[in-house]
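Please build the complex by placing chain B with the ligands on the supplied structure of chain A, with the hints as guidance.
Taken in order, these protein sequences are the chains called A and B. For the first sequence, this note's numbering assigns the number 1 to the initial residue and increments by one for each residue that follows. For the second sequence, this note's numbering assigns the number 446 to the initial residue and increments by one for each residue that follows.
Careful, some of the hints might be misleading.
Stated by the list, open to error - Each computed EDC-like pair below joins lysine to aspartate or glutamate, with the alpha-carbon atoms no more than 16 Å apart:
id : chain 1 : residue 1 : chain 2 : residue 2
1  : A       : Lys100    : B       : Glu535
2  : A       : Lys59     : B       : Glu493
3  : A       : Lys122    : B       : Asp474
4  : B       : Lys504    : A       : Glu48
Stated by the list, open to error - Across the chosen pairs, the derived CB separations fall in these ranges:
id : chain 1 : residue 1 : chain 2 : residue 2 : range
5  : B       : Asp744    : A       : Gly62     : 21 to 31 Å
6  : A       : Glu438    : B       : Ala533    : 45 to 55 Å
7  : A       : Gln439    : B       : Lys545    : 28 to 38 Å
8  : B       : Asp744    : A       : Leu379    : 50 to 60 Å
9  : B       : Val766    : A       : Ala417    : 34 to 44 Å
10 : B       : Glu753    : A       : Gln378    : 37 to 47 Å
11 : A       : Gln378    : B       : Gln570    : 37 to 47 Å
Hints were generated in silico from the structure; no laboratory data involved. C-beta: ideal position from N, C-alpha, C; glycine also.
Protein chains: 2
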Amino acid sequence: MAKAPVLTPQADDFPRWYQDLINKAELADNGPVRGTMVIRPYGYGLWERMQQEMDARIKRAGAQNAYFPMFIPQSYLTREAEHVEGFAPELAVVTHGGGKELEEPVVVRPTSETIINEYFSKWVQSYRDLPLLINQWANVVRWELRPRVFLRTTEFLWQEGHTAHATYEDARAYADMIHREVYGDFMVNVLAIDVVLGRKTARERFAGAINTLTLEGMMGDGKALQMGTSHELGQNFAKAFHTQYLSGEGKQEHVWQTSWGSSTRMVGGLIMSHGDDNGLRVPPRLASVQVVVLAIKGDDAVVAKVREIGAALEAAGVRVVVDDRTDVPFGRRAVDWELKGVPVRIEVGPRDLEAGTAMLARRIPGGKEPVSIDALTQLVPAVLEEDQALLLRQSRERREARTVDVTSIEEAVEAAATGWGRIPWADLGPEGEAKLAEQGVSVRC
Amino acid sequence: MAKAPVLTPQADDFPRWYQDLINKAELADNGPVRGTMVIRPYGYGLWERMQQEMDARIKRAGAQNAYFPMFIPQSYLTREAEHVEGFAPELAVVTHGGGKELEEPVVVRPTSETIINEYFSKWVQSYRDLPLLINQWANVVRWELRPRVFLRTTEFLWQEGHTAHATYEDARAYADMIHREVYGDFMVNVLAIDVVLGRKTARERFAGAINTLTLEGMMGDGKALQMGTSHELGQNFAKAFHTQYLSGEGKQEHVWQTSWGSSTRMVGGLIMSHGDDNGLRVPPRLASVQVVVLAIKGDDAVVAKVREIGAALEAAGVRVVVDDRTDVPFGRRAVDWELKGVPVRIEVGPRDLEAGTAMLARRIPGGKEPVSIDALTQLVPAVLEEDQALLLRQSRERREARTVDVTSIEEAVEAAATGWGRIPWADLGPEGEAKLAEQGVSVRC
Ligand SMILES: [Zn+2]
Ligand SMILES: [Zn+2]
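In isolation and in its complexed conformation, chain A is listed as follows:
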């Protein structure tokens, strides 16, 4: 008798599988205000690790963290014409504060280009102040009509980088460096998602940018997800806010700018890239819990042994949790850790103790086998590295298998039904892009 599946199978209904996984693995709940989300501890742990890895890369790129207010005077947004047009339909507006109606309503930031330029225009005086490289970790609000947890939420968490440079070339090179060395490196080498690095068409560009670089990942259903973007803003905001500097030649010049962002949407991308019908699979380099050591039954010797194994692995630099909740049935706990996608489970029962072995269950390739307890601190780090590489290889193989070269709109629509189509821009153009959009197919990069 086959046991009932824990999750709706992916092949039956991918969006429902996604929602099931988020509920059962306790990643997030819907919030009370439409489109908001509650990120539960295990889901937040994934985001915290993303923040750590990204923050280190952002600092290596020379940017410093700061914090700008989330309340922006409504008038700021209207100063850059394309920007306000792009964001006006998504704004949340505060009209009352401290028990009174406000003289000027304030908006909750949908992004911070405007307020940041207001301060850049004060801080930047001369070429010596450039480049100015700032990042912030913050919440932003974009009112969402078709919300989906992690992917499209009214409030989400993100980092937004904002920089000012003396020249077009310097700004362009910086946006490109962030694109490759921060986002690309993190997504490929930590998230194990074989993203394609490219640029958006004019139609899909950020509101106020002259060029938008994007990283697109292929999800388990063959669809694309935008995982992060890096914009060249040209001098659009600089002119709107008069962000100027005195050049070496003694002339006032507007700065050239970039902005770049990545968000909790990456948690959704992680789930849809690596999840399977048994739950999530977390890449070891990202995992907040790389290994769980489970006591199968409540036996003092067993509990002592799992704690000993946990301590030894922790000393070896592994992120480990010991599960000795022997009052909860073992089967239920094993399914739960599988759902949560912890890469390695080490299971110890009374019979294992006698043999000096433990069962090593691997979530990523699947399967389990007995191993010597003494060998664990040697074995586990190697297994984790192997599994990290395997996830990336699977991501690449899926993308390659489901991407076809096409030369016409008709072929592109067909390709999009099961994966991606690759078409030369010369065969497509803005008109072809518009036709694809009518068929529900988007040009990603």
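This is chain B with the ligands only, laid out in the frame that chain A set:
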């Protein structure tokens, strides 16, 4: 001829000194919406280090990070009577979202007890789910009529812990543990502020709590600053939100709760505790920059040497910055690092190189002396530890010198003019507290 002071002297006008320091050390700016603030990179670096140190202690206390939406339905706040009464005058209200008027207005969280209880009531089923220990790092909004940067701002950054327990005793012990082992330990041993641990009077309690523990620090002007609070909430929110569990005896019981918070106000406390007429003094254990190595003049050999010293100190585990901006006058850079309160400056010029020495300038005790460059990696960590201890000793000595035992309202008012008065509660009572309030004197703990 005495040079003009960089800051308004503390003795002339302490509040103005505070504001001067924040501007000149580039810690923060006022935001465009009244009462908001822009935290600049150096100020944010102080907050990031506070977060790191606090977060490690919070995790050791067993709490896990999570994230709840900042938008709360207005109706949630009204469920706990004292809570809504306390916060209603300070709320920011969103009435429009996505271009439409909302059916029910939402408030921006002033704190999250209500929304968190809504979810605790779903997540907690049985005694096995307790204690439930959650923390979040977030922004909150309390409309502020008399704003002051870092101390009282409309939007501020903080951590808020929220826990649910099976018994009164367990909740009480947890609030007390956070009070001592998270807040007390961090403030004394990292911030080097000799805080007094106590409890608030009924009048000063958090809106909805049955007991509020507080940590009060004495600032440079002899006034008190509340540095963090830890509340026993009893069953007030549990009853309002029906947060119940099935006990071991099979009965439905309301949980007992705690909440506890500390915020960017601590940055203000740090400034007012340790700052002097030359600027900030940052305790070495907190400092994001513990040592700056300065090249006095632009000479290739000097620049090479300061970089070498910087690398050696970094390898020795010191948080170090190399300042080789020799196109900026040395005097201006030295004053700037002094303003920013970096504990140790190592200054190297061409003559020092010949002698194999550098000037070691100590911000905390003051003074400078030549030291052998070869001895720096040994010397600097010891100096940093000594300076950490010195700051704490100075904080303690000030508090002791400016606290007097009093037995009457009159004496208490007099003591508050220059410092603190210590009065037995039996000599004061709620009536005495009200009389003191008329004189502008508050009972802190
Ligand atoms: Zn201009
Ligand atoms: Zn109830």
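Verification of the supplied hints:
For the suggested pair lysine 100(A) and glutamate 535(B), the alpha carbons sit about 10 Å apart, so the restraint of at most 16 Å is met. Between the alpha carbons of lysine 59(A) and glutamate 493(B) the distance comes to roughly 13 Å, so the proposed pair stays at or under 16 Å and holds. A distance of roughly 10 Å separates the Cα atoms of lysine 122(A) and aspartate 474(B); the hinted pair therefore holds under the 16 Å criterion. Restraint check: the Cα-Cα separation between lysine 504(B) and glutamate 48(A) comes to about 13 Å, which is no more than 16 Å; the hinted pair holds.
Under the hint 21 to 31 Å, the C-beta atoms of aspartate 744(B) and glycine 62(A), about 25 Å apart, fit the expected range. The hinted window of 45 to 55 Å between glutamate 438(A) and alanine 533(B) holds, with their beta carbons roughly 51 Å apart. Range check, glutamine 439(A) to lysine 545(B): Cβ separation about 30 Å, and the 28 to 38 Å hint holds. Between aspartate 744(B) and leucine 379(A) the beta carbon distance is about 55 Å. The supplied range of 50 to 60 Å therefore holds.
At about 55 Å, the beta-carbon gap between valine 766(B) and alanine 417(A) misses the expected band of 34 to 44 Å. A hinted range of 37 to 47 Å for the beta carbons of glutamate 753(B) and glutamine 378(A) is consistent with their spacing of about 38 Å. Between glutamine 378(A) and glutamine 570(B) the C-beta distance comes to about 41 Å, which sits within the given range of 37 to 47 Å.
The earlier numbered hint that this structure contradicts is number 9, and it is the only one.
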